[in-house]
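Those protein sequence lines, which keep their order, are chains A and B. Oh and the first sequence: position 13 is 13 in this note's numbering, straight run, nothing missing. Oh and the second sequence: position 145 is 145 in this note's numbering, straight run, nothing missing.
None of these hints come from the bench; they were simulated from the model.
Have a look at the derived ranges for each label pair, beta carbon to beta carbon: (1) B:Gly426 x A:Ala44: 22 to 30 Å; (2) B:Gln162 x A:Glu25: 41 to 49 Å; (3) B:Arg75 x A:Asn33: 31 to 39 Å; (4) B:Leu456 x A:Ala44: 26 to 34 Å; (5) B:Lys367 x A:Leu40: 47 to 55 Å; (6) B:Ala122 x A:Lys61: 56 to 64 Å; (7) A:Leu40 x B:Ala423: 26 to 34 Å; (8) A:Asn33 x B:Gln302: 45 to 53 Å; (9) B:Asp404 x A:Asp67: 49 to 57 Å; (10) B:Ala201 x A:Ala44: 41 to 49 Å; (11) A:Val32 x B:His277: 38 to 46 Å; (12) A:Glu25 x B:Ser438: 17 to 25 Å; (13) B:Pro12 x A:Asp67: 47 to 55 Å.
For glycine and all other residues, C-beta sits at the position ideal for the given N, C-alpha and C.
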Amino acid sequence: MQRAERGNKQVEEHYYRKSSEARTEKVRERLVNGLKKVALDGLARQHLSNGATPQTSRSNKQTGLDDGVQL
Amino acid sequence: MGKAQRAESLSPLLRVHVHEPGVKPGSGWVPCKIGEHVRFSTEELASYCFAEWEPVVFDALLVAAVVEFCDRSQRRATHHWVREFHVRIPVHEPRRWEQVGGALHEALSFLTGDRWAFEFSARKKAEPSPMQRSFVLPSGSRAVIAFSEGLDSRAVAGLMQQSLGDKLLRVRLGAKATDLDSMASYGQLLASVPYGVHPQASVESSARARGFKFATISGLSAYLTTADRIIVPESGQGALGPALIPVGQAYEDYRNHPAFTDLMEAYLSALLNYQPHFEFPRLWYTKGETLKEFVDTCKDAQTWEQTRSCWQSARQVSVDGRKRQCGICAACMLRRQTVHAAGLTEAKETYVWENLAAAKFEQGAAKGFDLYLHAQREYAIAGTLHLDHLAALRSSAPGCIAIDLCAFQLARSLRIPEADAKAKLGRMLSKHETEWGSFVKSLGKRSFIADWAAHLR
Numbered sequence: 001m002q003r004a005e006r007g008n009k010q011v012e013e014h015y016y017r018k019s020s021e022a023r024t025e026k027v028r029e030r031l032v033n034g035l036k037k038v039a040l041d042g043l044a045r046q047h048l049s050n051g052a053t054p055q056t057s058r059s060n061k062q063t064g065l066d067d068g069v070q071l
Numbered sequence: 001m002g003k004a005q006r007a008e009s010l011s012p013l014l015r016v017h018v019h020e021p022g023v024k025p026g027s028g029w030v031p032c033k034i035g036e037h038v039r040f041s042t043e044e045l046a047s048y049c050f051a052e053w054e055p056v057v058f059d060a061l062l063v064a065a066v067v068e069f070c071d072r073s074q075r076r077a078t079h080h081w082v083r084e085f086h087v088r089i090p091v092h093e094p095r096r097w098e099q100v101g102g103a104l105h106e107a108l109s110f111l112t113g114d115r116w117a118f119e120f121s122a123r124k125k126a127e128p129s130p131m132q133r134s135f136v137l138p139s140g141s142r143a144v145i146a147f148s149e150g151l152d153s154r155a156v157a158g159l160m161q162q163s164l165g166d167k168l169l170r171v172r173l174g175a176k177a178t179d180l181d182s183m184a185s186y187g188q189l190l191a192s193v194p195y196g197v198h199p200q201a202s203v204e205s206s207a208r209a210r211g212f213k214f215a216t217i218s219g220l221s222a223y224l225t226t227a228d229r230i231i232v233p234e235s236g237q238g239a240l241g242p243a244l245i246p247v248g249q250a251y252e253d254y255r256n257h258p259a260f261t262d263l264m265e266a267y268l269s270a271l272l273n274y275q276p277h278f279e280f281p282r283l284w285y286t287k288g289e290t291l292k293e294f295v296d297t298c299k300d301a302q303t304w305e306q307t308r309s310c311w312q313s314a315r316q317v318s319v320d321g322r323k324r325q326c327g328i329c330a331a332c333m334l335r336r337q338t339v340h341a342a343g344l345t346e347a348k349e350t351y352v353w354e355n356l357a358a359a360k361f362e363q364g365a366a367k368g369f370d371l372y373l374h375a376q377r378e379y380a381i382a383g384t385l386h387l388d389h390l391a392a393l394r395s396s397a398p399g400c401i402a403i404d405l406c407a408f409q410l411a412r413s414l415r416i417p418e419a420d421a422k423a424k425l426g427r428m429l430s431k432h433e434t435e436w437g438s439f440v441k442s443l444g445k446r447s448f449i450a451d452w453a454a455h456l457r
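In isolation and in its complexed conformation, chain A is listed as follows (with noise of 0.2 Å):
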């Protein structure tokens, strides 16, 4: 979230710099709303591996000297 703001800050600064007043606000209303709606927990979650990604199998217990990779 806070990488987001840095970019939102960047965004608005640029438009203060490129544009109007009026439009540089629009802008800058736009991206915190839009900040605001992005599931940023579930993106968090989902790379931090926490229950969104499949359970691996099992491994197969070997036991025999023979159980090996079958050839």
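Chain A is fixed; fit chain B onto it per the hints.
Below, chain B alone, put in the same frame as chain A:
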């Protein structure tokens, strides 16, 4: 390609070989010749040996100079902050420096956001001791303070002198003649930056390494005078604001932050076997509160009017042949907010931008001034937004996260409870919000500054 390799490939790499005269630099390395790319002033250097010449002091100054050489010689990529530096450097005691390498790397990496690697080798020839000079220094100094022509520096030196008297030693960190004049009136000049750095091309202006230079000079001054306290005069907005409000891909600015000076303490302690302590007496106060207290309680308070906050050169900010302060960069805007908050006034001729109440940016400048208007407008926007974003920090979700993180860092650095750090930080930010709001309101609704201060709408 692994993540680590990918990150590495995005970072520009600079390999710098620092070498003595008569020694050939390695092939594939950027040469940094002592005496050419880093030039020491014998006279200035002499102020570092009033007791006994210590080669380790020279080496520490050389390391600081080389760090600046690297910082200015390698441009940062447009969308990627990190750079990588490999530095070969000759020192008098390589074994001592190898033991310090970890602390040096930590301080520099945290400060600049870059990756640093040092290889220390033995010097071919020892640096000769500069001619000793007689210095009249107050005996038994307890604290040193970085002294410049800035407002915080003047005010905090005055405030600290009340309790420390002549146990407070001022250390000049500027390199300009005007600094010398202002120091002479105090009669306590210890040392200045004793070297100049001259890279083949100066291509990077972010200058984060300046914090390392100033902390090194302050630390060495404290070591040489056996002072155990180093006073950092920065008030809350100046010390913490740049780390709280980073923009775009820029790394947080920790130049005057306790988290950085904490790492500098570890570095200086490992290098000199001496434990200095950086103190921030005005960390929890706004600059306005600092100036007000200075004016209310100190005898030499009227000197605040002679201070400068603007970093711009005479070429950029002169009107009718007289140098002014621009009045619209971040430093000047904070100064004007500060003066307003302290209930003081300045002559309009202090600044190029005499009138901030003007409806249009160009109309605010002194009559006849038409230089660099485009660049000045960009400085003005950046300065206004910085103070406005800092004022708005407590009222946004990302801002609250930044405050929590900052409180956590400060609690660790200052060894205080996190709740305490958060409360003090919150108070300072709240005070800034009030001061900024009051300042912008005083300019009127039609002011071009009010147009940019979105937080107050």
